[in-house]
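Participant: Residue-level listing of the chains:
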Amino acid sequence: MKAKASSRVADSLIYLMLTLVTLITFLPFLYIFFVSFTDAQEFHTKSIILIPEKWSLSSYRYIMSTKMFIRSLGVSGLLAVVGSVIGLAISNTLAYTLSRKRLLGRKYLLMGIVFTMLFSAGMIPNYILVKNLGLMNTIWALILPALTGGWNIILMKSFFEEIPAELEDAGRIDGCSDFGIYFRIMLPLSLPSLAAFGLFYAVGYWNTYFAGVLYISNETLRPMQVVLQMMLIQASTLVGNASIANELQAEQQLPPETIKMAAVIISTLPILMVYPFLQRYFVQGLTLGSVKG
Amino acid sequence: MNNVVEEKFATPDKRSASMPGFVQMLIRDYRLYVLASPGLLFFLIFKYVPMWGLLLAFKDYSPYMGFWESKWVGFKYFEELFRNTDFPLLFRNTFAISLMNIFLFFPLPIILALLLNEVKKQVFKRVVQTLIYLPHFISWVVIVGICYLLFSQGDGVVNKLLVEAGYSKINFLSNPDTFWFMLTTQSIWKEAGWGTIIFLAALSGINPELYESAQIDGANRWKQAVHITLPGIRSIIVILLILRMGSILEVGFEHIYLMTSSPVSHVADVFDTYAYRSGVQNGRFSFATAVGIFKSMIGLVLVVLANKLSKRFGEEGIY
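In order, the protein sequence lines correspond to chains A and B.
Just so you know, the first sequence maps onto residues 140 to 432 in the numbering used here.
Just so you know, the second sequence maps onto residues 21 to 339 in the numbering used here.
So here's chain A without its partners, still in its complex pose:
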């Protein structure tokens, strides 16, 4: 009996701590969300806003009318779609190939890929490479260097190794070539892993920031995170990009805070929307390879 009671105390403590951690993680988002919908007048008169009394879309309407932010959303969207499609294509085929045990030289190719996980050349040589390839100020400077990485290949490879070998044998008996086996059997079967890595890749591209700072000076090609950084961080310290500071100040009635918060919400919305649907895939995809080796 005593053990049971103490176990119940332990249970409630555990639930309490986890609830607390969850709240700390989630409340900042909720706060930003509410304030972004707050009416300008309410924002100015009340010192602290939790749930707005009067909901207003004016901050969102304002952001939607700025050219710079909307255009940058387009750039990031393009990056996310093009980048993850190409990234998935090259990593899935490579991972499949490396999962075939009979492949000559497989071990050395794998070693070469694992080595890139332990050692990379770093920022400056990469910068010079992008420059020498003539990619500066093109969308490809943001896409190509980030297509995939060793870790992804290894995880995808273990996904293919889980697929029963009989399926390949059956395909071979039916007269499929290696292409047929890949495109007609393995590719459809790898849809769960494609979904998981597609999410990872798309989020990675959506969050592209520093490559944008390094490789892009043309305003029309700026990815969204770069513009967001100018709005959120530079403008608030008033050392920021003059045109954005002006744009923010242009609408005097609107408090810059609610505009910034609306920008945060718009920029994270796509992630928040796809995330719940893909969650079961990515946990599967991620844990599979890492634990079973």
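Don't read these hints as lab results, they were simulated from the structure.
A few of these clues could be false.
What the hints assert, rightly or not - A partial selection of chain B residues facing chain A, derived with a Cβ cut-off under 10 Å: (1) L52; (2) K96; (3) V311; (4) S316.
Using N, Cα and C, we set each Cβ at its ideal position, and we do this for glycine too.
For this one, chain A is given, so just place chain B on it according to the hints.
Facilitator: The following block gives chain B in isolation, referenced to the frame of chain A:
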């Protein structure tokens, strides 16, 4: 091109008499190499070609002369780095931020995973997991931006609350005394939940019979956690710790770059930001490459040391 790689690395097979020959195997599997080639090409161009660029650290690189024409200068740029008055500062900042990450951040995902593992109600568990994984997918720009919106001295809600409660405002964002702590807290908030995934996976691999027999022996939950659960994930903890040692000088460039403002620059400058400034902004490519190499070398040495240490304590290590 793949064929060249293959031939170079292929080892003569003793059983080759009974096996299909080397060339036959290449011909038989040519379709597989075709499938692999775009991916291999990517690794070759974007991972291996830059490694050649590391030689720039030993040359006097100028973009006008190009890679081949530039003069060899030996260790000149390394010497310059070590003699630099900024060097001790960079060293201190990088290590301090990294050590705070190891000591404050590293244990948290383990603790969180252990807590989550005790939860029996699946719905609660799933809700918690979904929400604590989420910040991992949010960019540093947004995280730092939210931090500014919450903690800024003028309009941040936290300072407003402090004033309401009768305290004076606190300078959270550009206070050199608390800057490292602020960085670590942000990293924890973003990644601690995500970090639980790998430990939870390891936990699910522990044999449930161990718990049953422990219960029969009268072990309470705390004792079960200490004697079964923790030892069950010990090797994965060690592996992750080794990997972290290797990246001890990787302190999250984007994050620090975004958080840096002039009042905190003397505590925020790390090897990466220094390399960016001297290389990309001031065009001193060779010097910046030397900074990068110095950083990777220390990382490599630390991995080797940590791996040795873990083997001495009877763990597997990563190689």
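Participant: Are the hints correct? Go through all of them and say.
Facilitator: Hint by hint, here is what the structure shows:
Here the hint on B:L52 is kept, as its CB sits about 5 Å from the closest CB of chain A, short of 10 Å. Using the Cβ-Cβ criterion of 10 Å, the hint placing B:K96 at the interface with chain A is not satisfied: the shortest such distance is roughly 16 Å. Because the beta carbon of B:V311 sits about 8 Å from the nearest beta carbon in chain A, less than 10 Å, this interface hint is met. Interface restraint check for B:S316: the shortest CB-CB distance to chain A comes to about 6 Å, inside 10 Å, so the restraint holds.
Of the numbered hints given earlier, the model fails hint 2 alone.
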